[in-house]
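Colleague: Two independent chains are provided; combine them into the complex using the hints.
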Amino acid sequence: QKEVEQNSGPLSVPEGAIASLNCTYSDRVSQSFFWYRQYSGKSPELIMSIYSNGDKEDGRFTAQLNKASQYVSLLIRDSQPSDSATYLCAVLMFSGGYNKLIFGAGTRLAVHP
Amino acid sequence: GAVVSQHPSRVICKSGTSVKIECRSLDFQATTMFWYRQFPKKSLMLMATSNEGSKATYEQGVEKDKFLINHASLTLSTLTVTSAHPEDSSFYICSASARTGPNTEAFFGQGTRLTVV
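Residue numbers (my numbering), protein chains in the order written: chain A, 1 to 113; chain B, 1 to 117.
Isolated chain B, as found in the complex (with noise of 0.2 Å):
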């Protein structure tokens, strides 16, 4: 499968601060990403999709201030989460796929452990 690296594995920050994560298609042009929260023994909930050039579409629920989505190249998109409490605290998965349009794959990053303390 296809390569998508996620950066970085694990953060800790201070309530109030913010934090960036990466999410790289390193052996192909990601058209589309897909950012994912995960709670433990809870399963893959999106958050956004990011189309390459264009605003994130947000799943209802889900705060665009909060949670801002760049998807800047088609090989790069970044979630900062702002403002960060504990609450936040959770498991960020990102996931990149060639197109848009069925019969796409998606393939996974190693996930973004983040601790708000």
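The shape of chain A in the complex, shown without the other chains (with noise of 0.2 Å):
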């Protein structure tokens, strides 16, 4: 099993509307987690961490986690062209005296107009 887990897409969405994107963990003991966008050929841009259960909410964009089904997820309001991009989830693992920061393969999202 995959330490962190997402669906690769494309997804596809409209212009104003809602973009889901989900992603699964395998470590129970993680308590951090981020989702990060990133464009073609360019290094990753942290949008949002969360570290409560619950949603947390950042302008159009609201990160819920579910630490008892090791599920967190990200939604994008009112989507724009400029939004499509590669979302990477990734956990915080800390073990043996360190961080490890571990992605997921990351969904590809295509905002059309």
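It is possible that part of the hints are untrue.
Said to hold, decoys possible - Per label pair, the in silico range of CB-to-CB distance:
{"hint": "1", "chain 1": "B", "residue 1": "V3", "chain 2": "A", "residue 2": "A68", "range": "35 to 43 Å"}
{"hint": "2", "chain 1": "B", "residue 1": "T82", "chain 2": "A", "residue 2": "G16", "range": "46 to 54 Å"}
{"hint": "3", "chain 1": "B", "residue 1": "F28", "chain 2": "A", "residue 2": "Q31", "range": "17 to 25 Å"}
{"hint": "4", "chain 1": "B", "residue 1": "R99", "chain 2": "A", "residue 2": "D58", "range": "19 to 27 Å"}
Said to hold, decoys possible - Some chain B residues near chain A, calculated using beta-carbon distances under 10 Å:
{"hint": "5", "residue": "Q29"}
{"hint": "6", "residue": "K41"}
{"hint": "7", "residue": "L44"}
{"hint": "8", "residue": "M45"}
{"hint": "9", "residue": "T49"}
{"hint": "10", "residue": "N51"}
{"hint": "11", "residue": "E105"}
Claimed, not checked - When the alpha-carbon atoms are kept at most 27 Å apart in a straight line, the in silico BS3-like pairs for lysine-lysine are as follows:
{"hint": "12", "chain 1": "B", "residue 1": "K66", "chain 2": "A", "residue 2": "K2"}
{"hint": "13", "chain 1": "A", "residue 1": "K42", "chain 2": "B", "residue 2": "K20"}
{"hint": "14", "chain 1": "B", "residue 1": "K41", "chain 2": "A", "residue 2": "K42"}
{"hint": "15", "chain 1": "B", "residue 1": "K42", "chain 2": "A", "residue 2": "K42"}
{"hint": "16", "chain 1": "B", "residue 1": "K64", "chain 2": "A", "residue 2": "K100"}
By construction, these hints were calculated from the structure, which means they are not laboratory data.
Since the structure is predicted, the reported quantities are computational estimates derived from the model, not experimental observations.
All residues carry an ideal CB built from backbone N, CA and C; glycine is no exception.
Modeller: Right, here's the structure in full:
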């Protein structure tokens, strides 16, 4: 089983719609979860971090965390063509005295006008 | 977010030579730095985690003698690809965080595209 799993997509949504991106993880004791956005040929950019169960909202983005189900999601409201990118879910694992930031394979989002 | 600078952004080298990539945290002290490589249309593969002043912890399958990581100060980590070969061509990205432990955000450098000819 992969440590962090995402649907590779592509996820195609019309402009103005809600895009829903999902991620599951295997390490039950992980406490820190992140969503990054990566445009083609560029390095990842941090969008959201979430550490507690429930929802966390930042502008058009809402991250949701359910530790019991080992599930984290990202909702993008009012999707724009500029949101078209690969979205990477990352889980911070603390083991043996050091951190490991592990990424999922990423979900490619395409927002069409 | 915090600023992490990675240099060079692109490098072309001859097979058998070594290449050094620098990663600097510009506005915070980076206790931990992560080094990743990424192949086209693939996700980031963690190569190693380095903590300032101690040896890097390498992931399984990553050759320590091939990919030398040094984290000599709280603002600088370097990755040296030794005796590079064409199969080492990839996008290398560093990430830095201010703390070790949970609830720690990590910020990425711009990445280095290495081409070995």
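Colleague: Give a verdict on every hint.
Modeller: Evaluated hints:
At about 36 Å, the CB distance of V3(B) to A68(A) agrees with the hint of 35 to 43 Å. Between T82(B) and G16(A) the Cβ separation comes to about 51 Å, which falls inside the hinted range of 46 to 54 Å. Look at F28(B) against Q31(A): about 21 Å separates their beta carbons, and that is inside 17 to 25 Å. Evaluation of the 19 to 27 Å hint for R99(B) and D58(A) yields a pass: the beta carbon distance comes to about 21 Å.
Taken as an interface hint, Q29(B) does not check out: its beta carbon lies about 15 Å from the nearest beta carbon of chain A, beyond 10 Å. Checking K41(B) against chain A by beta carbon gives a least distance of about 9 Å; that is within 10 Å, so the hint holds. Satisfaction of the interface hint for L44(B) is found here, the shortest Cβ-Cβ separation to chain A being roughly 5 Å, below the 10 Å cut-off. Restraint check, M45(B) versus chain A: the minimum CB separation of about 8 Å is within 10 Å; hint holds.
Interface hint at T49(B): satisfied, since its Cβ lies 5 Å from the closest Cβ of chain A, which is below the 10 Å cut-off. Checking N51(B) against chain A: minimum C-beta separation of about 6 Å stays under 10 Å; hint holds. The restraint placing E105(B) at the interface with chain A holds, with a minimum CB-CB distance near 5 Å, inside the 10 Å limit. Between the alpha carbons of K66(B) and K2(A) the distance comes to roughly 26 Å, so the proposed pair stays at or under 27 Å and holds.
As the CA atoms of K42(A) and K20(B) are separated by approximately 20 Å, the hinted pair is consistent with the 27 Å bound. For the proposed pair K41(B) and K42(A), the alpha carbon gap of about 12 Å is at most 27 Å, so the pair holds. For a cut-off of 27 Å, the pair hint linking K42(B) to K42(A) stands: about 13 Å separates their Cα positions. Note on K64(B) and K100(A): the hinted pairing holds, with a Cα-Cα distance of about 17 Å set against a maximum of 27 Å.
Against the hints set out earlier in the document, a violation occurs for number 5 only.
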